[in-house]
Structure formats: structure tokens, C-alpha cells
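**Student:** What follows is the residue order along each chain.
Protein chains: 2
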Amino acid sequence: MKIALLLTGNELMTGDTVDSNSAMIAQSLAVQGFDVAHKVTVGDDLNLIVAELDKLSTMYSAIIVNGGLGPTVDDLTAQALSMLTAQPLVEHANALAHVNEWCGRRGVAANAANLKQTMLPAKASVLANPIGSAVGIALHHRNCLLLCTPGVPPELAAMLEGSVLEALKQGFPDATARLVRRLKLFGMGESALQQIIADQCPNWPSEVVVGFRAGMPLLELKLEIEDEAHLALRDQCEKELRQVVGGFIVGENDDTLSDIVIGLLQRQQQQLTLAESCTGGMIASNITAVSGASSVFGAGFVSYSNAIKESVLGVDAALINQHGAVSEPVVRAMAEGALQRSSADCAIAVSGVAGPEGGTDDKPVGTVWIAWGGVDNLNTHCFHYPVGRAMFQTIVSALALDLLRRYLLGFNEVPNYFQRKRSK
Amino acid sequence: MKIALLLTGNELMTGDTVDSNSAMIAQSLAVQGFDVAHKVTVGDDLNLIVAELDKLSTMYSAIIVNGGLGPTVDDLTAQALSMLTAQPLVEHANALAHVNEWCGRRGVAANAANLKQTMLPAKASVLANPIGSAVGIALHHRNCLLLCTPGVPPELAAMLEGSVLEALKQGFPDATARLVRRLKLFGMGESALQQIIADQCPNWPSEVVVGFRAGMPLLELKLEIEDEAHLALRDQCEKELRQVVGGFIVGENDDTLSDIVIGLLQRQQQQLTLAESCTGGMIASNITAVSGASSVFGAGFVSYSNAIKESVLGVDAALINQHGAVSEPVVRAMAEGALQRSSADCAIAVSGVAGPEGGTDDKPVGTVWIAWGGVDNLNTHCFHYPVGRAMFQTIVSALALDLLRRYLLGFNEVPNYFQRKRSK
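As given, the protein sequences belong to chains E and Y, one line each in that order. Numbered according to my numbering, the first sequence spans residues 350 to 773. Numbered according to my numbering, the second sequence spans residues 350 to 773.
Please note: incorrect hints may appear among the correct ones.
Same chains, same names: a pair is fine if it fits in one copy or spans any two.
Claimed, not checked - In the SDA-like style, the derived pairs of lysine to any residue whose C-alpha atoms are separated by at most 25 Å in a straight line are:
1. Lys571 x Asp394
2. Lys571 x Thr421
3. Lys571 x Asp393
4. Lys404 x Asp394
5. Lys571 x Ser692
6. Lys518 x Asp393
7. Lys404 x Ala386
8. Lys472 x Leu582
9. Lys588 x Cys452
10. Lys518 x Ala506
11. Lys472 x Val557
12. Lys712 x Thr407
13. Lys712 x Leu668
14. Lys571 x Asp423
15. Lys518 x Val724
16. Lys404 x Cys731
17. Lys588 x Ala459
18. Lys571 x Asn460
19. Lys518 x Ala541
20. Lys712 x Gly641
21. Lys472 x Val457
22. Lys404 x Met432
23. Lys465 x Pro678
Source of the hints: derived by calculation from the structure; they are not laboratory data. Note that the structure is a prediction, hence the values are computed from the model and not measured.
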């Protein structure tokens, strides 16, 4: 079922705020069978808001309104609904109870600004907001259901799963929730994966819809069905997919590479250490972003200069002189030095040319040597990603974690990461 | 002057792409005097696109259209313009020349998909695209100027500064460019800064408009004037501001804390080292995000475990046993150990409880000790930011860099970071 979205707020017009709420709304409701087909954004302008609501209500059966529920004078949603539907604003008892309860928890009495949020159109009903002071508003206009939500993202998120979803389901019982399976892949782009599915899974059933969400470093693959009867079919598709690209699938739902690597290290009771040059601490930062990282990670070394590679990690100066800092022997020695100094079981070491300066004919910007593995089992490989400094550091950090993931899983080959489609 | 924005693309409706183009357009054009007042987003739906263009053209004198210029069948902008204005699509010689030149540079001949991009409404004119294969389109409908731009962000950015801006200036010579001065602050929120300006700069002139753009970790403050005649007035305002909150102003325009700290270290010919526990490499990663960091940064230590604090940094085990890892003596010893092992001139060391686990009554989640300064001049301070693990790591990393910035500038007091407004 198609729905519309009206976002309000001056900050959305000036570009001072990048609107991420509408993506949240679209994604959250799509899996329930409600697709945003039309999105309008206007500033805090009463006449524009009323005109747009009036127009959209002739085109759609439901509109989600976001923003304008706050306590200040530029929060105009209730007033716009009142004008639109020619209903007076009256105090709603359950809105008042909510505001009083909310203020009470903070040990303050409701002030005039808080009480403004209890004045809703006479025929409106209240949408529960489990976090903030502003209640949401549900109201009919023409044959359209208007659901008004707050602009504060955590409040919006809570309501999308709660009162808003409930109101939509109640208003449109025929909308069919989609059953989505989300897989996370590293090292393969959307078009390459599409091509692989087209080539290698020729009997893909139309009931299982494939969707993608490009992200860096992970690609999300969605397998959607609309009917529980097709669950077995979806499972079969996932099985087929795993047969052809299983090594690239790192996890599911909100998994990150760090989550997966830490989980593997925990299960195998291994300690990790890191020796980073060109990634400059980003791998360590990604690992320690995960709560519980301390169970498998004790020491990281950012050996950004050659002198520190020698003094801190014990890399032989002669190796650096002979092969350069970006070389197989040096990255191997960095990993060995980190393992020795940390007593860890496995290591990642990286040394590369992030750029934009520092490239040579021999080792252009984007070149990186990575070492990974255990004390007696270190692997090394050279990669080349001339994609700009920030993207280079992001990709190399993820790549290194993925190589370790594959090592911990016993995969031995270095895959063809980010293979390009044959150009036309 | 108010303008409208029409964005097209299915990926914007599903939420698979968060729209950052419209913020780029709004910010880029606002300084030129063109304010986005109305924004509509629709999928790749020809009838909806035509209907919205028609409606918006009755309300505004200019519309920026974004997306739909690509070579594939779901790129519908030219076709929509043709329907809207009842003009046939014809091959434009300068569009063809652009496509041929673009393909030629890549050593390929233009194919049918490329050539589709040369078919524009008969009365349209071409907007130069210095990067991509798709030219932009300018066309009048009713009394409205339609400027169509590509969805690929770098192409859009280049055209906003080039052909699009030129067309707007030519079409609307009376629009007044704003003269914006952008300052970056750390450690102060928007409402606190607003209050300070209200309290301490009572004679602020109305010609100098104050704007904010909230970001983490830096807050952007904008001082806007519309007339060059007020440049001196704006400079005077900036001077006043620097008198009251100068210590919080870290830089201007796109400066980051790392940029500023690296610049200071370079000018003072000092080398930095880092000993990170709870930030887990994020400070090193922020520093090495900057090209040229190697001139002032050689070694970072991520000493996540107590054993590594002892073995790698030489922290006395007795200190950890007696005071705990999150303590003044330990963070000081971490800084001293890093300085000694790296031969650097100044250091930052951090040890804290990022959470969600690991807090105690004595040292709750959000507690962090920071040490910063030079060998003979180490400062330490305890802070408390119970804001969730990711935000804690982000704030503490920035805070540590800001403390070092102030140290390098000779500011001695630890400021009242992120002071709250008095609650009502």
C-alpha cells in the first residue's frame, strides 16, 4: 500500500540537518507493507503545511507527518490539523496525563510550553510516545489517515515500532507485512552480486524479491517474501546463495565485521593484536567500538613511522632499507613483533600508501601490504585501492578484518575482492 | 529568493539512500541568496514527476530538479520535461559533443544509453557537467526556470558551483549573495552559545545574522551578512565573539580538531604520541585521517588491557592494583611510558569506562581520566560523559585533542566543557 510523507522544519530546508528520519520511516514501514511513494518537505510555514496535507490527502489513504510536535511557537502541526479539518484545539485528557507524568518523572511541574502539547484537534486521538513529552496525533481528513510523529529520531523510532505501526495495522488490516531476511556481505558490490544471482541462480522464484542496500564497507542483501507460506522457498534461496557467494557473507541484520571477528575469537579463545601503519588506528578503533572487545583484544600498535616500526615492534632496519616500509617482509615483521610483544595468538599488520602524497612508480598511492594469521601461520598479500585517503583507510581496515575472519573460519584462498563487472 | 526542489529516484523512497543532496543544494545556494522553501521527493514515476513540476512551477520562479539524468530507462527527467512543456525530444549538438568527448576520454564509442542523454526538449539549453556524462538541462515552463541536475553527488557539487549557479544568477540578477563567515567550536552547545551571545553581546547588530549547524564533535557558527558594506560590522562581531568564547573556537570553515592540532605541532616542531585505553585507537585514527600527519605523529599505543599497560607502556602494576586502571596515577604513567618509548615531545593518554559494562559506584560508566602535555609538564583531569559507548568514545577523543590544542596554545585552565543551560 502506498503512503505519503510530510516532513516539516526550517532546519530541513536550510540543509543544516540532513534528513535521516524519512529513510527510517520508509524502511521501518516497508517491511510492514507500507511503501512511501511521495515525500514533501516544507519549513515551519502554516499555510504550506495545510495546503500540502490537503493535497496529499486526496492522493493517498495514509500520510505520516514528521516534526512540528514540540513545545515552541514554530511547532505548528496541531494548529495545521485544526485549520485543515476545521476542528478547534481542545485539551486532551490522555495527552495531559502523559505530559504530567513525563514532567513528574523529572521532578518539575508542566509549564505553558509543555501544556501546549496537550491541545489537539477535537476529534484527534493520541499516539503514545514512550520517550518524549510530545504525544503523537492520529486524525482523519477526507478518506485519509494522518499520523503525526515527533522529529526527534529516538522518539520517532520507538513510535514507528509501537503506536504508529499499530494505528496503520488497525486502519489498513489488509496491508501485508513482508518477511525480510537481511544478510551482510563484504568484498562484493551490488552489480556484481546481481550478475552472479542472474547467472548462477537461473531458477530464482519470483516470490523471493531481492533487494540491496549499498553501504561501506558492508553490502546489505535483502530477501523479501510477502507470505509466510514462502518461508521454505526463501530459506532455499538463501541456501543457494550461500553456495555461490557464501564466503562473502559475513553476517546478518546489524552485524559488523568487528562483531563477527570478535565472536570468532571468543569462541576460539584467541587473543588478537594489531600493528597498523597506513590505517593509523582505525582497525583498533573498529574493534574497540564493540562492547566486550577487551575479552579478545589487549594491545594495538600504531607504528606510523619507520623508527617506531623498529624501536617498538622490533622490525629490522635493514628490511625497511632494502624493501621499503610497504613490503611483504616488513608487514610480516610488524605482525611478528606485535605478536611477540603482546603474547596474542593472532595478528593483523598493515602497511600501505594512503596518499595523496607518498606514492612512487613502484608503489603507487593505494598500495597496501597486509599480514594476518597466527604465530606459525602468517599470510601476506598485496592489494591496491586508489580510492582517496579516507576511503582507502576504510576499505583496508575492513579488508584486514575480513581476511582475519576468513582465516579464523579456515578459508585459505584470498578472494577476488570487489571484482568489477566486465565493462561494456 | 525562494526556490523549490524536486528530487527523483526510487532509492530515495525506500530509504535505501539517505538524501544528502538536498542539504548540499540548500547550503550551496543559500549563500548565493536562493532559499529552498519547498522540497518534493518522488520515485521514478513519470506522471508524478510531471504533476509536481507543473504544480511547483505555479508557486516558484525557479525549481532545481535532482536525479533522473542517467542513461537507463528509469531516468525520466528529459521525458518528463518533454511532456510538461509539450516539446519533442531532439538531439542537442552540444550535448552530443559532450558525450562524445566524455566517451572519447575513456577510449570507448558512445553507445545507445549514452546517446539517450543527448535527447533534450527542443527549447532546452545545456548545463555543463564537468565530471559526468550527463549534461544538465535548463528550461522554462510558465514563468519558472527549471534547472535539472544529476544525482551523483560529486557531479552535483561541481555544477552547483558552476553552470547551475551561473544560470540562477543570470536568470535572477537581483538575488543577493550572502557573505558567510563559518567558525568551528568545540565544547559548547548551540543553546549555550545562543545564551552567551544574548547575555554578553547585547548590542549585536541585526545586519549580522547568527546561524548554527550542530555537529559532533564540532559546532559550526555562521555569521551572515547580505551586503559587503557590512563586512567591517561582521568582523567586529567576530572580534566580540572571540573575546567571550575565543577559547572554544578551534578553527574555521572545514577545519577539524586534528587539522588544527597537527598544524600547531608542525609550527612548534613537536612530535605527538598517544596511549589509548577506552578510546581504543580512535584518537590515532582521527590524527592519521589527515594527510601529512606523519610529520608530527610516529607512534600510538592502544593499551586496552592492564597487562599491556604494564608490559608495553611500563605502567607499574602496583599503581593499577592500588588505584585501578581508570585513575590519575595510571593515566599519567601511560603518558610517561608512551613519551619514553616514542621519544615524542608531547602525549595524550586516556583511560575510562566506555560501558555499557564495567562501571562501579566509584567509577561509573562515562568516567574518564585524561593526561596531556609534555614530558615535564603533564596535566591530568577527570571527566564524566555517560552518553553511550559510541558517543563517549567520540566525545573523549575530541576532548583529548582539544585539551592538547589548548596546551599547545598556552591556555592553562580546563574549561567548563558542554556547560548546560540552567534548567527551567
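**Student:** It remains to establish, for every hint, whether it holds in the given structure.
**Tutor:** Structure-based check of each hint:
In this assembly of identical chains, the alpha carbons of Lys571 and Asp394 lie at most 25 Å apart only when taken from different copies (23 Å versus 39 Å within one copy). Taking the closest pair of Cα atoms, Lys571 and Thr421 come within 25 Å of each other only across two copies (23 Å); inside a single copy the shortest separation is 41 Å, beyond that limit. In this assembly of identical chains, the alpha carbons of Lys571 and Asp393 lie at most 25 Å apart only when taken from different copies (21 Å versus 37 Å within one copy). With identical chains, the CA atoms of Lys404 and Asp394 are at most 25 Å apart both within one copy (16 Å) and between copies (18 Å).
Neither within a single protomer nor between protomers do Lys571 and Ser692 lie at most 25 Å apart by alpha-carbon distance, with minima of 41 Å and 51 Å respectively. Neither within a single protomer nor between protomers do Lys518 and Asp393 lie at most 25 Å apart by alpha-carbon distance, with minima of 30 Å and 27 Å respectively. In this assembly of identical chains, Lys404 and Ala386 lie within 25 Å of each other by CA distance both inside one copy and across copies; the values are 14 Å within and 17 Å between. With identical chains, the CA atoms of Lys472 and Leu582 are never at most 25 Å apart, being 46 Å at best within one copy and 52 Å at best between copies.
With identical chains, the CA atoms of Lys588 and Cys452 are never at most 25 Å apart, being 52 Å at best within one copy and 41 Å at best between copies. With identical chains, the CA atoms of Lys518 and Ala506 are at most 25 Å apart within one copy only, with a shortest distance of 17 Å there and 42 Å across copies. Taking the closest pair of Cα atoms, Lys472 and Val557 never come within 25 Å of each other, the shortest separation being 42 Å inside a single copy and 45 Å across copies. In this assembly of identical chains, Lys712 and Thr407 lie within 25 Å of each other by CA distance neither inside one copy nor across copies; the values are 62 Å within and 58 Å between.
In the homo-oligomer, the alpha carbons of Lys712 and Leu668 lie at most 25 Å apart inside one protomer (16 Å), although the nearest pairing across protomers, at 46 Å, exceeds that limit. Only between protomers do Lys571 and Asp423 lie at most 25 Å apart by alpha-carbon distance; the minimum there is 21 Å, versus 40 Å within a single protomer. Within a single copy, Lys518 and Val724 get their C-alpha atoms no closer than 57 Å, and across copies no closer than 65 Å, so neither meets the 25 Å cut-off. Within a single copy, Lys404 and Cys731 get their C-alpha atoms no closer than 58 Å, and across copies no closer than 56 Å, so neither meets the 25 Å cut-off.
Neither within a single protomer nor between protomers do Lys588 and Ala459 lie at most 25 Å apart by alpha-carbon distance, with minima of 56 Å and 40 Å respectively. Taking the shortest alpha-carbon separations for Lys571 and Asn460, neither the intra-copy value of 47 Å nor the inter-copy value of 32 Å comes in at or below 25 Å. When the C-alpha separation of Lys518 and Ala541 is checked against a cutoff of 25 Å, the pair qualifies neither within a copy, at 37 Å, nor between copies, at 43 Å. In the homo-oligomer, the alpha carbons of Lys712 and Gly641 lie at most 25 Å apart only across protomers (18 Å), although the nearest pairing inside one protomer, at 38 Å, exceeds that limit.
Taking CA atoms no more than 25 Å apart as the test, Lys472 paired with Val457 passes in neither setting, with 30 Å inside one copy and 64 Å between copies. In this homomeric assembly, Lys404 and Met432 come within 25 Å of each other (Cα to Cα) both inside a single copy, at 14 Å, and across copies, at 22 Å. Taking the shortest alpha-carbon separations for Lys465 and Pro678, neither the intra-copy value of 69 Å nor the inter-copy value of 52 Å comes in at or below 25 Å.
When held up to the earlier numbered hints, the structure conflicts with 5, 6, 8, 9, 11, 12, 15, 16, 17, 18, 19, 21, 23 and fits the remainder.
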